[in-house]
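This is what each chain is made of:
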Amino acid sequence: MSWLVFVLVFWLATWVLNARLALASGHRAVRLAVPLLFGITLLVVWEGVVRGLAVSPIILPPPSAVAVKFAASLPQLWGDFVQTFVRGALAGYVIGCGAAVLTAVAIDRSVFLQRGLLPVGNFVAALPIVGIAPIMVMWFGFDWQSKAAVVVVMVFFPVLVNTVAGLAASEAMQRDLMATYAASYRQSLVKLRLPAAMPFIFNGLKIAATLALIGAIVAEFFGSPTRGMGFRINAEIGQLGLDMIWATIAVAALAGSAFYGLVALIERWVTFWHPSQRN
Amino acid sequence: MKSALPVVSVVAVIIALWYAGSVWLNSPWVYDQAARAGQQVSLPDVLVATMQQDRPVLPAPHQVIKGLYDGITGQAITSKRSLVYHAWVTLSGTMFGFVIGTLMGIALAVGIVHNKAMDLSVMPWAIASQMIPIIAIAPMLAVVMNSLGAQPIVTKAIISAYLSFFPVVVGMVKGLRSPDQMQLDLLRTYNAGQGTTFWALRLPASVPYLFTSLKVGIAAALVGAIVGELNQAAGIGARLLSGSYYGQTVQIWAALFMAATMAAVLVMAIGRLEGVTLRRMGMAR
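Chains C and V, in that order, are what the protein sequence lines are. In this text, residue positions in the first sequence follow our numbering: the first is 1, and each later residue adds one. In this text, residue positions in the second sequence follow our numbering: the first is 280, and each later residue adds one.
Check each hint, because a few of them may be wrong.
What the hints assert, rightly or not - Only pairs whose alpha carbons sit at most 30 Å apart, straight line, appear in this in silico DSBU-like list of lysine-lysine: (1) C:K206 to V:K345; (2) C:K206 to V:K453; (3) C:K206 to V:K395; (4) C:K191 to C:K206; (5) V:K494 to V:K395; (6) V:K494 to V:K453; (7) V:K453 to V:K395; (8) V:K359 to V:K345.
No lab work stands behind these hints: they were computed from the structure. As the structure is a prediction and not an experimental result, all values here were calculated from the model.
Turn these sequences into a full structure, and let the hints steer you where they fit.
Okay, here's the thing in structure tokens:
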């Protein structure tokens, strides 16, 4: 009971504090502190409710137990991370995004191909592509190659559609200027239209970044070697090791956020000239 | 209509490549069988044989269509072998979760727009929450919900709701903030309160944004429901997994096409609804 009272008091206190902070906002520190405080509150409420209501650890383990498990099984988590993220997701991401950008540049000169491929690409981008995971596992085997293949297909269409839209984004005035300079097709592509397409391409790359890890993990449900994050989640369910599952989820969330952040950082570096990056 | 010809030709090329691929991927098995029987096979025989295997590596398009047709019409639609039955199971979970996710997303967006503390504290976590691959923890959710005695549809709905709520939050926050200063000032000169401003200006202005998010959301909800079914007894996801266990490639492809059709129909239905609503509101472009 005392845990529940503590949770309630803590929650109300941080709520009031956050409301005050938000009103006095403007500083960078406040902008960081408010969400941080909210996150800490969530963790404390989770811990307190689990202890207060004596929730069984096979339904929801408290965050402290997850943290202990996390610290205790670092080598195993690292092995899973390398297998799923570095080998499966990252390899697939690089191949898929690279192929999509190259395809977009290749069909750039043909209006016919664009008219045909874009509706098909938009259609495929809305499909539940994770469903091809069992097929890819059948074709490429249990190891990381099949996971990378799923990721390639998942990230290809969002990046393709965005890149094609981006290549059309430069203004007629700018293209005319290139024409008055007697710029060749290749020159105007490299010097004007590809840079102008970068905000669009990065939009696609950011969407793909969130898809890549999901694709790699889900593909492991259909067969995998005895390591990898998807394998770990499935194996630990069998023995109700929920603390290990939550530790793996934490790794996935951290890796996903870091990857997304990295792509956003590169975007800021590449498209520093774009209005959305200048404030 | 001027894009009809390019689309048709691209689709035709894809189907041609598919046939070529199925010949290429299925022929080793044919040669293998022939070598075991000590026979020589001619090329036309191989071509025919690659098109009608029971468990091809890559089923030819007509085999998939036949599998789809058999799955839909081969038995009563209440039968557990009917694709219609499985599609219905998936659809019910999708819609359940989609409605919950949409309502939650709208509520959260209203809170974010009207309360600065919520804006600052919830928005970053809503973005971070999407970094948790919820699809990946679907099996765990299933076990936990099972031990709590929940129906299978609830598990699916939670995953679907989680996936569809985020696009709605982002779209609605943008939409509710889309009225410009001039319009807000006008309402202030009318002495309108926050409530009136919301119902008369913000909410109508957000409708186009809402529909755009709903289209993304429903496709995400369908993916969530399918993955949520991977360890359940019925649904498109269950068909995918059982097909992968027993090497029934035609079954996998048929289930996949069923899912694709559902996604297309759902997105198109929302597009229709969007068109009708916006025209009624005088916002159609």
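Hint check results:
Straight-line distance between C-alpha atoms of C:K206 and V:K345 comes to about 39 Å, which puts the hinted pair past the 30 Å bound. Among the hinted pairs, C:K206 with V:K453 is consistent with the structure: their alpha-carbon atoms are about 19 Å apart, no more than 30 Å. Our distance criterion of 30 Å between C-alpha atoms is met by C:K206 and V:K395, whose separation comes to about 27 Å. For the proposed pair C:K191 and C:K206, the alpha carbon gap of about 23 Å is at most 30 Å, so the pair holds.
For the hint linking V:K494 to V:K395, the alpha-carbon distance of about 28 Å falls within 30 Å, and the restraint holds. Pair hint V:K494 plus V:K453 holds up; C-alpha atoms about 16 Å apart against a cutoff of 30 Å. The suggested pairing of V:K453 with V:K395 holds, with an alpha-carbon distance near 15 Å, which does not exceed 30 Å. Restraint check for V:K359 and V:K345: satisfied, since their Cα atoms lie roughly 18 Å apart, inside the 30 Å limit.
Violation of the numbered hints given earlier is confined to hint 1; every other hint is satisfied by the structure.
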